[in-house]
Amino acid sequence: MMARGKDPAALIGLAVETIRVELQPALSPEKRYAAAMAANALEIAMRAVAVEDEAIDLELLDAFYEDGDGTMRQLARDIRSGKVSEASHPDLRRRLRAHLVAELKIRNPRFLASRGVKA
Amino acid sequence: MAMAPAGGRARTLDQSRMEVLAPWLAGEIGARRVTIRSAELLAGGAVQENWRIEVEVEGGQRSGRHTWVVRTDAAARLALSLDRVAEFKCIAEAAAAGVKVAEPIAVCSDAGLIGAPFAVQAFVQGSAQGRRLVRDPDLARFGDTLAQEIGEQLARIHAIRPQGGKLPFLPHPVGNPARRIVAELRASLDKASEPRPALEYVLNWLDRHAPQPRVLTLVHGDFRTGNYMVDGGRLTAILDWEFCHWGDPREDIGWFIARCWRFGNDEKVAGGIAKFASLLGGYNAVSDVKVTAGEVQYFEVLAAARWAAISLLQGDRFVVGGERSIELALTGLMPPEMEFDALELIERIEKGAGR
Numbered sequence: 001m002m003a004r005g006k007d008p009a010a011l012i013g014l015a016v017e018t019i020r021v022e023l024q025p026a027l028s029p030e031k032r033y034a035a036a037m038a039a040n041a042l043e044i045a046m047r048a049v050a051v052e053d054e055a056i057d058l059e060l061l062d063a064f065y066e067d068g069d070g071t072m073r074q075l076a077r078d079i080r081s082g083k084v085s086e087a088s089h090p091d092l093r094r095r096l097r098a099h100l101v102a103e104l105k106i107r108n109p110r111f112l113a114s115r116g117v118k119a
Numbered sequence: 001m002a003m004a005p006a007g008g009r010a011r012t013l014d015q016s017r018m019e020v021l022a023p024w025l026a027g028e029i030g031a032r033r034v035t036i037r038s039a040e041l042l043a044g045g046a047v048q049e050n051w052r053i054e055v056e057v058e059g060g061q062r063s064g065r066h067t068w069v070v071r072t073d074a075a076a077r078l079a080l081s082l083d084r085v086a087e088f089k090c091i092a093e094a095a096a097a098g099v100k101v102a103e104p105i106a107v108c109s110d111a112g113l114i115g116a117p118f119a120v121q122a123f124v125q126g127s128a129q130g131r132r133l134v135r136d137p138d139l140a141r142f143g144d145t146l147a148q149e150i151g152e153q154l155a156r157i158h159a160i161r162p163q164g165g166k167l168p169f170l171p172h173p174v175g176n177p178a179r180r181i182v183a184e185l186r187a188s189l190d191k192a193s194e195p196r197p198a199l200e201y202v203l204n205w206l207d208r209h210a211p212q213p214r215v216l217t218l219v220h221g222d223f224r225t226g227n228y229m230v231d232g233g234r235l236t237a238i239l240d241w242e243f244c245h246w247g248d249p250r251e252d253i254g255w256f257i258a259r260c261w262r263f264g265n266d267e268k269v270a271g272g273i274a275k276f277a278s279l280l281g282g283y284n285a286v287s288d289v290k291v292t293a294g295e296v297q298y299f300e301v302l303a304a305a306r307w308a309a310i311s312l313l314q315g316d317r318f319v320v321g322g323e324r325s326i327e328l329a330l331t332g333l334m335p336p337e338m339e340f341d342a343l344e345l346i347e348r349i350e351k352g353a354g355r
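If you read the sequences in order, they're chains A and B. At position 50 of the first sequence (counting the first as 1) the number is 50 in this note's numbering, and the numbers step up by one without a gap. At position 321 of the second sequence (counting the first as 1) the number is 321 in this note's numbering, and the numbers step up by one without a gap.
Bear in mind the hints are in silico, worked out from the structure with no lab data behind them. Please note that the accuracy of each hint is not assured.
[Stated by the list, open to error] Residues on chain A that point at chain B, a partial pick, calculated with CB under 8 Å:
1) Asn40
2) Met72
3) Arg73
4) Arg93
5) Ser114
Ideal Cβ positions, reconstructed from N, Cα and C, are used throughout, including at glycine.
Next comes chain B alone, as it looks inside the complex (with noise of 0.2 Å):
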């Protein structure tokens, strides 16, 4: 959901800020000191700053060199989002539930120590770039391979069920867990500039087709193409755990197929990069709870209302909020894409048709 920054932005980590960090760091961890070799600023992060820092610890249990990144919290999250240090104990949960992730290090909510609340995480080779990936020219050799360990990876996360207490902070949803969404794009809706009847019509319909959750897991809650890392075809983390909930994990996987999310790549249905049976194929292995392409398809739907609402609020920042970002202006004019998706699948759906 990285959206461009709407002027120039602030450079949260300079000089006097690292020499701060680094025995803040050497606390955290244990160690009997830190010292921050050096510090650049990563490309891609766009609402939040990414910062690759060499640091060199002694004592402790993380005693040698290392490369790890610190995230600071962006300055304006978007509504839903976790904080920078919910979305770390999320993360944490996943490692230890054997998901490919940036190793968490430490996290700060004090926005004072450099600026923002940050989170420090290891440095994790590859590249998350969605569009790049599916244009790879050696994607026909990788790409099934790589949406099954994907769908595994993701089976992983459902598994994280809030059973004994786990994740507390995340708030236990009330009712049907795809209906409370159509509540929330509905309120989301009332806040926008621009109406559109034909979403009210595709909400409605989720609404009516909400199905009840077989099981209530972790949902990564944007899960998909652009926030994973790949690394020469293979998967090295995956990103961006902001929206972490408790729900239904039908969600995610309609939400990685998503039309929207293929980067043009339509006929690659997991995500622009295989076919879809390999992601279920790599799910279904890991997975207690055994998913079928049929039953995903309202949640393609959902994800469809879900993008069309956001991309609306995004475009609001520009008409409403007066941010200058030509990235915002046209994200503004998208949803009649997503609707127009969304009421192809309908169709389908009510024709019984399959994929």
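So that you can see chain A by itself, here it is in the shape it has in the complex (with noise of 0.2 Å):
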């Protein structure tokens, strides 16, 4: 197990905790919604270290292109041009909705709550 000093993710949870702890109740109105979104840039930052954000990807782009060829802007293109549609894939709604969960996981698990999704 990697040393509490050297995880980033322990060391990016430290800051936020100083930032909300102790910097934050110091602060004026104004500059405390500047504190509140470092802290939330930072918290951001410590879930993405956590999951390996091209493995979110990659799920994906698995159940549309073979052996690994396809990339995020490909899929993108080829939705918009119907090449990957519903016609094609029956359960690509299910996949892309399954892929923002994944994404807010990381981004805002408190948007997920609020649409009652489990994060």
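Reconstruct the complex from the two isolated chains, following the hints.
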């Protein structure tokens, strides 16, 4: 196991805690909002380092392309052109939704909770 | 669509420029003399500056003391937005149609006069802060009445029609207005750094299901909580007219009720302040073209797609443009939220589920 001092997630977590607990209460209301955004950005980064970002995309792409050939740009293009559609992939919408949920687990778990999705 | 400025902002209205502004104003309003007693930079202007000025007017129809606001043009305007002069003309047209706006006084397209094009409008009491409004402890008392009044006001905006050569600088839409928006959003996605397959799926759905407009009207283009002023629970003015265009009036209603503009007060569908029926009731009491809740669902999906695309581009100001703004960086991470909502809405529409 990685020593806590070298674990990026733990370090970012400490920075968030410092902003929230020590700094925010001492700031003016206007600066408090900026501090909250900074803490939010750090929390996103903390969740992102814990998950392989590419793994989320690959899980989606594997459903449409063989042997890791596809890219997100290719998939976006193929959906627009109709090459990838519900006619060719009846579970297209379900897979896109699952990908969004995976992204939102990193970017905004509170959003998922507000939509009744377990993060 | 206000975003935080990336760095320090220039102070447009210094003493020397006020000395230029006063005689210019006198000429514009037909006064013998205008004296600016004070000027104060207002908080909240993010891509533009808003200065509250206390003026004394001698001679002419506006003789007396007034509190006005000088709104300077943004240094970097969003694509598709009107310039300050065109926006001013839309506000004047809305005022003539009985819409509550900050009374337009004068407009200047010459960037040389005070450092940026600007408009002068009457100062209006109230707050436009959406997040604060939806959490107002008195919202239960005034929310539905406010939404009804907002609906009535929106119907007055939509009573402005292109017939008779009104606002000739606004381009006449070619083809279906909703499909035109889809095409614009696709074009903006082509410029974005991050591909969004889910958004492409939503845009395909919108393209396939675009309804024909029953009437073509002036569309505010950014009609939502946060873009109107409220004072003591009453509507005082509708703001931010820079996205005005001719289009399908249901676009404004869909934007107003979009989940992303309820500021977390999700159960209050009408902009986080009231039930949808209150907004629609006010709208249909005034509008000659009645709208049902069901037909707005499509435009709610369109609103989610539009905000997703805008967020992506705002994020690129950080990702690609290098602007050091944490607000821009966080906005750029938001598209999955709107895409998720859009997919849920599509699911509901296809199942024939109501609101």
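Mind listing which of the numbered hints don't hold for this structure, in increasing order? Per hint list: zero violations.
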